[in-house]
Structure formats: structure tokens, C-alpha cells
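K.L.:
Here is how the chains run, residue by residue.
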Amino acid sequence: MKSLALLAGLWLAFAACAFAAEEAEGFDDPALNERYRALIHEVRCPKCLNESIAESKAPVAAELRREIRRLMGEGASNDEIKAFLSSRYGEFVLYRPPMTAKTFAVWAAPFVLVALGGVVFWRILAARTQQPIDDEPLDEEPTP
Amino acid sequence: MWRYVVPLVLFIGIGALFWRGLDLNPNYVPSALVGKPVPTFSVSSVKDPQATVSTETLVGKVSLVNVWGTWCVECRHEHGFLLELAKAGVPIYGLNVRDDRSAAITWLSTLGDPYVASGFDPDNKAGIEWGVTGAPETFLIGRDGTILHKHISPLTPQVWQRDFLPLLKKHCGPADCPFLSAVGGS
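The listed protein sequences derive, respectively, from chains A and B. Residue numbers for the first sequence follow the working numbering, so the first one is 1 and each next one is one higher. Residue numbers for the second sequence follow the working numbering, so the first one is 145 and each next one is one higher.
Derived from the structure by calculation, the hints contain no laboratory data. A couple of the hints might just be wrong.
Dumping the calculated DSS-like pairs for lysine-lysine here, alpha-carbon to alpha-carbon at most 27 Å [as the list claims (entries may be wrong)]:
no., chain 1, residue 1, chain 2, residue 2
1, A, K47, A, K102
2, A, K47, B, K180
3, B, K269, A, K57
4, B, K269, B, K314
In isolation and in its complexed conformation, chain B is listed as follows (with noise of 0.2 Å):
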């Protein structure tokens, strides 16, 4: 009898792991950095250089920040979203990586500038610090300064719905998201 029963619930349980398994995206890495504080970080501005974006830019209120630079194709594919979400008022900081500070400049100009500010950071320095391996990448940040949420790749505007709203419907304040009803979470 048990030499018939074990390798079936064998079969069952290694053929139910593969299979499970084929709906994993392989390329999803959990981010280390959700749940815990913004990193300590200081960069000067993409726009004025004397200006510095850090840690201290993004405490206080409710703000995403988004990873771009200027080689990065998807970045494109986002641009518009981004452009939209600022215009309802959502406060957004962009941090650039591995770019030149005139290529990044002119891309602000031409295709419209959603931040309230850029960092600029060449090396990926600051970069780091986020855990971040490319981009696009976007970070919601809640009024204390606590990571909420971080994507990988475009966000879109079902991105937004699915994974960004529920967490501001949860963890905004009275007072913390004047522009949500204005994207979407009446």
C-alpha cells in the first residue's frame, strides 16, 4: 500500500510546486527596502545644482519617487502617467541615475518636467542606498518617511489602480492626500 501512496503524494506535491512555479515571474525580487525608513541620502538637483534633494525633501509629506534617466526607454513609456499624476497634485521626486546632467536637463524641457525636483546622482551613488538595479522604479513614501511600496518597471495608470491607491487609501491622513480624489480613490 505505502509503496504506492508515498510516490503519489510525492508526484502530487512536486507537480503542484512546478506548477505554481510557471505563474512566477523569475525576474520579481522583493524589495528589502519596503516597510523601512528612506535611506539617508544627498544629492544635488538635475535643474540647479546648488540645490541639494535628500532625505530630509521627502519627510513630512506623501510623495512617490520615481528612478529615471534619459537612456532608459521604458522611462518614456511612463512619462505621460507621471506627467498626469503631478498635474492632480501628487507630489513627485525623481531621482536620475547614470545620466549627464544636460542630456537630463533637455529631457525635462521637451517632453515636460513631472517632478518637484530630480536628484542627480551619475554613479548610481544614491541610487544604491534605494536598492535600485535599473530603471523605472517607483517608491511610495508615506508622511513619516516610511517606504510603503516600491515598482519595478512603467507605472501605469493600472499599476496605480491595483497597487498604489489601496496603499494611500490606507495610510493617508485627513489631511495627507488633498489630490486623491483627483486619481481616482474618491
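Just chain A, with the same shape it has in the complex (with noise of 0.2 Å):
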């Protein structure tokens, strides 16, 4: 029990250093507010990979989140904001690319790759509905 205890403090405090890199950033305009948040992370940090820029610490990270936040004040729009940084940082910044002929593939893939299993799992189900019924009798059930 302590020992879970303490495990929860220590989450506890993971979660609060993750968070504490933008917490005290924002707007007051609650609407405003919201669309910030929701965007810095779809944001990656082009220094600390695999960390959106809500999340990391490194300078740069700091650095974008303010001018996000000064673009959203002087009334951009997401478009443009994610067309600011890409034209900066190039797509690799976007969590979610736009869908050009180079992310093509990335976007499509899930959907051949679950057609595919389609394919397979019907063509499976089709051979074993095929398959002659068993000749051999079941277990006689035993007499009293």
C-alpha cells in the first residue's frame, strides 16, 4: 500500500513537470484559450523529437509557443499559423500533415492495410465454408 503510494506521488509528480512548461502561457478568452491548448499540441518540436511543443522545455519550444500565441492575437487563423511554422520548419512540425502527392502514402496506407486484411480474412472464411463437412460421426453420447 505504501509502496503504491508512493508510485502515485511519483506519477504525480512526472505529470505535473510535463505540464509545466506551458501552464502558466495563454489567454484569457477561455474559446481562445481552448484553441491554443488544442493546438500547441499538434505542434512538434523540431530540436526534441518526439515531443509536441506543449509538452517539451527546450528553447525553441518556448520560442514557437510565443509566436503562436502572437499570431492568435493578432486574429490568425490555424491555416495560417500551421502555414507560418511549416514554411519555417517545414511539414515535419505538423503532427498532422496536409494531404499532398509526398503524404500520400502516409495517409492511405491504414485503409489499404485494413482492405487488405479484408481480403484475406473473407478469402479465408470463403475456403473453410467450402471445405466438405466432416464425415466421421460424432462421439456417441454414452448410454446410462
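Hints in hand, dock the two standalone chains.
P.N.:
The structure is reproduced here in C-alpha cells:
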């Protein structure tokens, strides 16, 4: 029980660390603030890979958050902000890159794989149902 | 037959991808700016707050733009080589980011100053226009103001030979790079 409490404490401590980076920043307007929170979770930090700029403590993440707040303050839309970021840091920073000829494979792959799996599944099922039914008799019920 | 061939081909294909992945550098982020014109920026000079370093400063000649800061340990490593290049006549412009002006001036006076001029950008605002993530980063700028190459991490003689010289040889017009023979590109 004690160790469980310790684990929970540690987990809370780490969780607090993870969110501390951007806790104090944001907008007073709740709608704008929510949009800001969602947006910074969709931008990958270009320095510290596999962290969003919301989670990262790298200086560049703080600077990009600052730029996003500035652009949002000037009334920029999400698309405009994403264009701003990707023209400087590449589409790499967008966790959801736009569908283009270059990224089409990434977008299409899950659907192709599901379709492929469906075909294989259907063919196995079809092969099974065509098998002749076993002629061997079932075990006879034990007679009392 | 197919039930053996298909998994085998899949295995070999995925295996080849993973094998290739072992050699890839996960920290390599291709620059979005290579092939594009120098971004619009304007900052004051480190040594002279009245002077500006801007887009116009860089157009019309072949030059290097080197991102540095006194907090950057690797910048110290490449500093000697930058001094060598400057001595050979390569115009190097600095972009000093996330730094303190007096610390930057001390750095240049103690270690030597390889820069024609250094822009002073304490909050990395101009740096973001350049797609800067950290330091050191070095850009090669063509005569027409196009970014020809970006190198992240210290600039070494090896990197210079491998990445910068071939581009210089390709892009330098007859009178564009008088330093070329002095830096190994006879």
C-alpha cells in the first residue's frame, strides 16, 4: 500500500513536470485559450523529437509558443499559423501534415492495410465454408 | 505457394526498411528553407547597436550565416575553423541568438571575431524566420540571396570539404568567390 502511494506520488510529480512547461501561458478568453492549447499539442518540437511544443522545455518550443500566441493575438487562423510554422520548419513540425502527393502514402496506408486484411479474412472464411463437412461421426453419447 | 511467398516478401521488405532505419539519423530535420531566398529579417549588430544586419546585408555576394551564442558549447569548438575561413576571405555573418550583448562582445574580443558583422537576436525572433532550432547552425548563401545549404552542428573542415565546397564550386560565378582557392577549392 505504501509503495503504491509512493508510485502514485512519483507519477503525479512527473505529470506535473510534463505540464509545467506551458501552464502559465495562454489567453484570458477561454475559447481562444482552448484553441491555443489544442494547437500547441499538434505542433512537433523541431529540436526535441517526439515531443509537442506544449510538452517540451526546449527554448525553441517556448519561442514557437510565443510566436503562436502573437499570431493568434493578431487574429491568425489555425491554417495561417500552420503555414507560418511549416514554411520555416517544414511540414515535419505538423503532427497532422496536409494531404499532398508527398504525404499521400502516409494517409492512405491505414485504409489500404485494412482493405487488404479484409480481403485475406474474407478469402479464409470462404475457403473454410467450402470445405466438406467431416464425415466422421460424432462421439456417441454415452448410454447409461 | 502464395501462402509462403507473400509473407516472405513482406518480411524481406519490412526487414529492408528497418535495416535502412538503423543508419538514419533521427535528429536530422531537413530544412524547409534550402532553395528559398533569405528570409526577411532586420536586427541590430552585436558590436554596434546603431547598425543593422538584415536581408539586404546578405544579397549580392556569396556568404555564410552562422548562428551562435555564448551559451553554446559546440560554438566554441567550431570557432577556430570559422576564424580560418574568415582569414581566407570568406564573408561570414553571425546571428547571435538567446544571448546577452556584453557576453557576446566579450566572446568576440577574447576568442577572435570571424564575422563581418553579427546580428543580435536575444529572443530568437529573427532566428525563427531562419528556422533556427539551436546553435551552431550554418547557412550557405548564394550571390542572388538564395539559401544553398544548411548545416546543423559545428562546422568542421570535413563538413566543409564534403558539403560546402562542392556547392561553392557549382554556384560561384567567375568573380563571386575570390576565396575559393584559399579554402580548398582550387
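K.L.:
K269 of chain B and K314 of chain B were given as a pair; does the straight-line alpha-carbon distance stay at or below 27 Å?
P.N.:
Violated, because 32 Å separates the two Cα atoms, which is more than 27 Å.
K.L.:
Checking one constraint from the list: CA of K47 of chain A to CA of K180 of chain B, max 27 Å. Satisfied?
P.N.:
21 Å, holds
K.L.:
Going straight from one Cα to the other, do K269 of chain B and K57 of chain A come out at no more than 27 Å?
P.N.:
18 Å, holds
K.L.:
Measure nothing beyond the straight line between the CA atoms of K47 of chain A and K102 of chain A; if it is 27 Å or shorter, mark the hint as holding.
P.N.:
23 Å, holds
Of the numbered hints given earlier, the model fails hint 4 alone.
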